[in-house]
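Colleague: Top to bottom, those sequences are chains A and B. Under the working numbering, think of the first position of the first sequence as 1, with each following residue one higher. Under the working numbering, think of the first position of the second sequence as 127, with each following residue one higher.
If you're looking for bench data, these hints aren't it; they were derived computationally from the structure. Check before you lean on any hint, since a few could be wrong.
So, partial list: chain A residues that the calculated Cβ filter (under 7 Å) puts toward chain B [claimed, not checked]:
1) Ser17
2) Lys20
3) Tyr24
4) Leu26
5) Lys109
6) Pro110
7) Lys112
8) Met113
No residue lacks a Cβ here, since even glycine has one placed at the ideal position from N, Cα and C.
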Amino acid sequence: MGEKNQPHIILVEDNLSISKLIEYRLRKENLSFTAYENGVEGWHGIQEHRPAVVILDVMLPGMSGFEILRRIREDEQLKDTPVVMLTTKGREEDMKRGFDLQVQEYMTKPFKMEEFYMRLKRLLPS
Amino acid sequence: MVALTLSGVPLYAIQLNLPTRFVLITALVLFVLLAVMLTASVVLRALHLRQEKWQEKLRNHYYPLIFSYIDSSITLEEFNSHIHGTHLGYQTLQEMLMEMIQDFSGHEREKLQELYETPHLYNHNAEMLAGSRRMPKIEACVYLRNVSHLTEAVLEYLYALLNSSDATQAYSAAAALMASPDPAIRAWGLYHMSCRQDISTMAILELFYLFNHQHQEQMHEEGYHLREIIKDPGTTDSHAAVLIKALPEIGYVELADFIYSLAENDDRFTGNPELMEALITTLGTFVYYEAAGLIRSNIYSPWTTVRRACAEALGYFGEQHDLEALYNLLYDDSFQVRLHAVRALLKNGEQGEYMLNNYRRNKGVYATEVSATIQFELLKTEL
Numbered sequence: 001m002g003e004k005n006q007p008h009i010i011l012v013e014d015n016l017s018i019s020k021l022i023e024y025r026l027r028k029e030n031l032s033f034t035a036y037e038n039g040v041e042g043w044h045g046i047q048e049h050r051p052a053v054v055i056l057d058v059m060l061p062g063m064s065g066f067e068i069l070r071r072i073r074e075d076e077q078l079k080d081t082p083v084v085m086l087t088t089k090g091r092e093e094d095m096k097r098g099f100d101l102q103v104q105e106y107m108t109k110p111f112k113m114e115e116f117y118m119r120l121k122r123l124l125p126s
Numbered sequence: 127m128v129a130l131t132l133s134g135v136p137l138y139a140i141q142l143n144l145p146t147r148f149v150l151i152t153a154l155v156l157f158v159l160l161a162v163m164l165t166a167s168v169v170l171r172a173l174h175l176r177q178e179k180w181q182e183k184l185r186n187h188y189y190p191l192i193f194s195y196i197d198s199s200i201t202l203e204e205f206n207s208h209i210h211g212t213h214l215g216y217q218t219l220q221e222m223l224m225e226m227i228q229d230f231s232g233h234e235r236e237k238l239q240e241l242y243e244t245p246h247l248y249n250h251n252a253e254m255l256a257g258s259r260r261m262p263k264i265e266a267c268v269y270l271r272n273v274s275h276l277t278e279a280v281l282e283y284l285y286a287l288l289n290s291s292d293a294t295q296a297y298s299a300a301a302a303l304m305a306s307p308d309p310a311i312r313a314w315g316l317y318h319m320s321c322r323q324d325i326s327t328m329a330i331l332e333l334f335y336l337f338n339h340q341h342q343e344q345m346h347e348e349g350y351h352l353r354e355i356i357k358d359p360g361t362t363d364s365h366a367a368v369l370i371k372a373l374p375e376i377g378y379v380e381l382a383d384f385i386y387s388l389a390e391n392d393d394r395f396t397g398n399p400e401l402m403e404a405l406i407t408t409l410g411t412f413v414y415y416e417a418a419g420l421i422r423s424n425i426y427s428p429w430t431t432v433r434r435a436c437a438e439a440l441g442y443f444g445e446q447h448d449l450e451a452l453y454n455l456l457y458d459d460s461f462q463v464r465l466h467a468v469r470a471l472l473k474n475g476e477q478g479e480y481m482l483n484n485y486r487r488n489k490g491v492y493a494t495e496v497s498a499t500i501q502f503e504l505l506k507t508e509l
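With the hints as extra help, turn the sequences into a complete structure.
Modeller: This is the structure:
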């Protein structure tokens, strides 16, 4: 989705309401993206598209967000890809684990869409 | 299954020498019953799948509308004109909004809350509440728990439900009343449930947390109502005890005087181990120094639970008198009491440790056990 030659974003989130609202926002900003609800499909999508930014939920069916993140960091061609992780409030240990795996941004649910978009924008190549 | 029925039943019947006609009729009846059950399950499954499909369609219909409302592309009136006026239509929208409210904050949350409280949804639930069917009434109460305002008509129905002989309905109504910004209305719900034997203490605790509207800064008014509920003779002893113990969790410190007065001279409370234990536990958690003498005087109470609560509470005070009282509790008959006395003494640093060493040196009756408990507690702290 979005225009060609634009930085591509991959969204891996199984919570429908969150993914739909993020998709709506990305579409409104005319950004190119692909969304997945499953961890395994998400990882294949990342390998295929080599996105500019990945938005990852922590808890995913198939493969966890941390497993995807670990694979990204171990892949020679993907290791520098900026990642935004979405986690639930009260799971601060996730945050530590994510920062150990060089997560660029962390968003704790419930979150403000505007703040999320501002952080995402900072990670996109200008 | 059919084959088994048709073959199995006659074989069994032949063994018992039953007449052939009887066997055939029995087999036929069983066959018909099985056929009816199979058909019913297939029909139910089909209906369920149809409903799921419909819900999926409705969700896809609502998502863009919700997002358009969030970014103010459409007005509330425009949104309302697109709501499906069926029960499933309302139910799906309600579920979607509830999920989304939990996931977002700030501007998005405010807009989602506006949609959640749109008159269409509110009135639909008010109608369900006014109806006679049990489940829709409970569903309506669940919806009302999350609104910010309850109309007079809805309040009347909720008040009536509080007296229902069905505990689930009554509890649902009380929980819905907790949405009211008025603490007196919330207290009415909590009070009614506190008087009922068929409501569990866990349910009372849940209502207590809902009763507190921290964002509204109503601690003083809430405290007043809690005081009335706790001392009301209609409130069951178990529910009064659970409410007393929960007070420090929210921080109703200004009720400490009241709790102390109950522990000192209210016969209903001083004569009941469950209530007395709750009062002493709470006074200890509040670190209400004025109560130290009263607690010390209770270390020889005939009730183990009360003595255990005293041991726990005295650990918070830590004055010489309190440590001496704790030392005496190391000789208590109950292991629970001795355990809490050790813990309380350990909490008091050097002075407490001195007392414990003294007890071991004097070879108190339970010296070996106390030594083991100390080791275990220290190990726990290290871990």
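Colleague: Return the status of the interface hint for A:Lys109: holds when the least beta-carbon distance to chain B is below 7 Å, violated otherwise.
Modeller: Given a least distance of 5 Å, the restraint on A:Lys109 holds.
Colleague: Does A:Pro110 pass the interface hint, meaning its C-beta sits closer than 7 Å to a C-beta of chain B?
Modeller: 4 Å, holds
Colleague: Regarding the hint that A:Met113 lies at the interface with chain B, is the smallest CB-CB distance below 7 Å?
Modeller: 5 Å, holds
Colleague: Would the stated hint for A:Lys20 survive a check requiring a Cβ distance to chain B of less than 7 Å?
Modeller: This hint holds: A:Lys20 lies near chain B, its Cβ roughly 5 Å from the closest one there, short of 7 Å.
Colleague: Given A:Lys112 was flagged as interface, is its beta-carbon under 7 Å from a beta-carbon of chain B?
Modeller: Given a least distance of 4 Å, the restraint on A:Lys112 holds.
Colleague: Against chain B, with CB atoms and a cut of 7 Å, does the hint on A:Leu26 hold up?
Modeller: 12 Å, violated
Colleague: Should the interface hint for A:Tyr24 be scored as holding, given a Cβ-Cβ cut-off of 7 Å against chain B?
Modeller: 4 Å, holds
Colleague: Against chain B, with CB atoms and a cut of 7 Å, does the hint on A:Ser17 hold up?
Modeller: 4 Å, holds
This entry does not satisfy hint 4, going by the numbered hints stated previously; all others are met.
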